[in-house]
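*Asks:* Protein chains in written order, with my numbering: chain A, 1 to 330; chain B, 331 to 660.
Hints in this document: simulated from the structure, not taken from any laboratory. Fair warning: there could be bad hints in the mix.
[Claimed, not checked] Some, not all, of what chain A presents toward chain B, calculated at C-beta under 10 angstroms:
1. Arg208
2. Leu235
3. Ala241
4. Ala243
5. Leu252
Nothing here was measured: the structure is a model prediction, and the numbers come from that model. Beta carbons: idealized from backbone N, C-alpha and C, even for Gly.
Chain by chain, the residues:
2 protein chains.
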Amino acid sequence: MNTSTKSSISRELHPGHDYCDINVVLPSWFKLESGESLSAPQINIRIHGSAEHPAVIASGGISSGRIVADTPGEKGWWANIAGAGRAIDPDDFCIIAFDFLPNDGERARGITTADQAHALAYALDILKIDQLHAFVGASYGGMVALKFAAEFPERVKKLCVISASDKAHPAATAIRGIQRRVIEFATNNGNAAGGVNLARQLAMITYRSAEEFETRFSPNVPNKETDLFPVCEYLTARGRAYAMEPTRYLTLSHSIDLHRVAPERIKAETLMVGATTDSLVPIADVNRTALAIPGGRCLEINSIFGHDAFLKETAAIGAAITSVINESEQ
Amino acid sequence: MNTSTKSSISRELHPGHDYCDINVVLPSWFKLESGESLSAPQINIRIHGSAEHPAVIASGGISSGRIVADTPGEKGWWANIAGAGRAIDPDDFCIIAFDFLPNDGERARGITTADQAHALAYALDILKIDQLHAFVGASYGGMVALKFAAEFPERVKKLCVISASDKAHPAATAIRGIQRRVIEFATNNGNAAGGVNLARQLAMITYRSAEEFETRFSPNVPNKETDLFPVCEYLTARGRAYAMEPTRYLTLSHSIDLHRVAPERIKAETLMVGATTDSLVPIADVNRTALAIPGGRCLEINSIFGHDAFLKETAAIGAAITSVINESEQ
Chain A
1 MNTSTKSSIS RELHPGHDYC DINVVLPSWF KLESGESLSA PQINIRIHGS AEHPAVIASG
61 GISSGRIVAD TPGEKGWWAN IAGAGRAIDP DDFCIIAFDF LPNDGERARG ITTADQAHAL
121 AYALDILKID QLHAFVGASY GGMVALKFAA EFPERVKKLC VISASDKAHP AATAIRGIQR
181 RVIEFATNNG NAAGGVNLAR QLAMITYRSA EEFETRFSPN VPNKETDLFP VCEYLTARGR
241 AYAMEPTRYL TLSHSIDLHR VAPERIKAET LMVGATTDSL VPIADVNRTA LAIPGGRCLE
301 INSIFGHDAF LKETAAIGAA ITSVINESEQ
Chain B
331 MNTSTKSSIS RELHPGHDYC DINVVLPSWF KLESGESLSA PQINIRIHGS AEHPAVIASG
391 GISSGRIVAD TPGEKGWWAN IAGAGRAIDP DDFCIIAFDF LPNDGERARG ITTADQAHAL
451 AYALDILKID QLHAFVGASY GGMVALKFAA EFPERVKKLC VISASDKAHP AATAIRGIQR
511 RVIEFATNNG NAAGGVNLAR QLAMITYRSA EEFETRFSPN VPNKETDLFP VCEYLTARGR
571 AYAMEPTRYL TLSHSIDLHR VAPERIKAET LMVGATTDSL VPIADVNRTA LAIPGGRCLE
631 INSIFGHDAF LKETAAIGAA ITSVINESEQ
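Chain A extracted, bound-state conformation:
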């Protein structure tokens, strides 16, 4: 009896709280773009708010996932945007968040934004959600949002994409490629976790801006030769605090660089949002993508927070999202 040909859902209820976790097992016919099958074929989803509300997907950077809003004991990665009284409010919307593939321990490599989109579409089928009211995605989640809207144009009414574009910039690929080679080097030398730590330090530089670093870190040199510079103390602390399975980091980082979308296929009413200081996803690329989407427009946010504007500029980002998903504007 081959149970894997059937899809299955496991639903974990959290009594007394307004959300549930649903894990959708992908069927055996589900293949990646590469032709490979997943060894851990499951997509983990969290839903806040009533299924009767308009469905809004919220999706973020590679370190984010289904824990988008605060719950008792868990800090949501976008808690200032998704939650009661926030721009994406579970009183008004059925908020859907998900863990990006691959799951920990996955063997398949080369997982693309198209693969994320296809897995998600399958899960929405299972959840009987034919059409999303909106897909709100930032950073990697923004790439997945664009890809989903291009692959399934009829399934998204509104699209809000922040700090993402139609393809990776070669300068960003350059620095992500080094992060991957640092992890591979560390793995080959028996200390993969140390490699992830260093890769994360490097990533942090690309998430913020030179302007912020100048404002934030004293220009003083350390007293002792062995002391770290203030900016290095910050980065090493962030590196230590970070944990992702090395192979998952490699896959998601690579996925960003493999990302290519055809914006002209997108039918959703689209707002692309970019920060003027984002060196990872230059505002010019955000603009170019918006122009190529038939129903697309672009909003530039002046921010010193670079790529991380989607996490830091709550007021501007929240207002942008509201302007897209607000029902009254329909």
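Keeping the supplied structure of chain A fixed, place chain B upon it in accordance with the hints.
*Replies:* Relative to chain A, chain B alone:
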């Protein structure tokens, strides 16, 4: 008999060629700013052109050294600027180039731009050069030039500093700090050379600009999952081709971040040159430094080559240097 209290010069003549190498052993009283003594206390100098000509020091990035001009069998790092018929011509000037401290195998750490300047001043004493006609320095060599002119204001008439400023920018310190931690990590895991390779790849990104990467590298993704992206092929090739002793790399990288100069002490007639796309030494920092030097002015060069403009923009950089060192302008 303690011979180390005496300075000594060894002079290697290259018959039939218009240059000689001079290795000045530093005396035992020579101390670093840190208070340490050098274990390999020698500064290696190359001189092109007659000692009767006005003396001009030419100094570049941490990977550069005394081989500034082409000689039979050696490629000069600034061959398009220093040499017969070039902006710094040995028919007109006595060109002095030198290897930065530390020498290979050196044990002392924390070597500052002040230490480079003091060692150099000692060598000039030995060479009986009281005053330089000009100090032309780019990148790290530009920091050393600024420091020398601030420490020995009477010893430099003219200063031409390219892609350098009075102190390191915290965003640049951030990325150099990661290069150092990658090398330290690799050393601790038994593969220091692999760490230098990765650090060099990372450095290359900061030497060029996102604009150049966009122009140069096709946005195509590789056919096979295991293939590198074009920009990654470029970087890995540059990493493989690079060799510097890991501890020397650490010391020189750290030296850049320790660099602090008091521009107001500089008496030389100074031209500061910066490239508009330099993310390592922002043009704003070059400008600020020029403004703080009593006899300082600034030239901005529009270039897509970022920090490497000093190596790539031969016409503009050559003209800038000529405008400073040309005797007729005195």
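*Asks:* Now, for every hint given, state plainly whether the structure supports it.
*Replies:* Outcome of the hint check:
1. Arg208: The hint holds - A/Arg208 has a Cβ within 10 angstroms of chain B, the shortest such distance being about 8 angstroms.
2. Leu235: Since chain B brings a Cβ to about 6 angstroms from A/Leu235, closer than 10 angstroms, the hint holds.
3. Ala241: violated (15 angstroms)
4. Ala243: violated (17 angstroms)
5. Leu252: A/Leu252 check fails; min Cβ-Cβ to chain B is 14 angstroms, beyond 10 angstroms.
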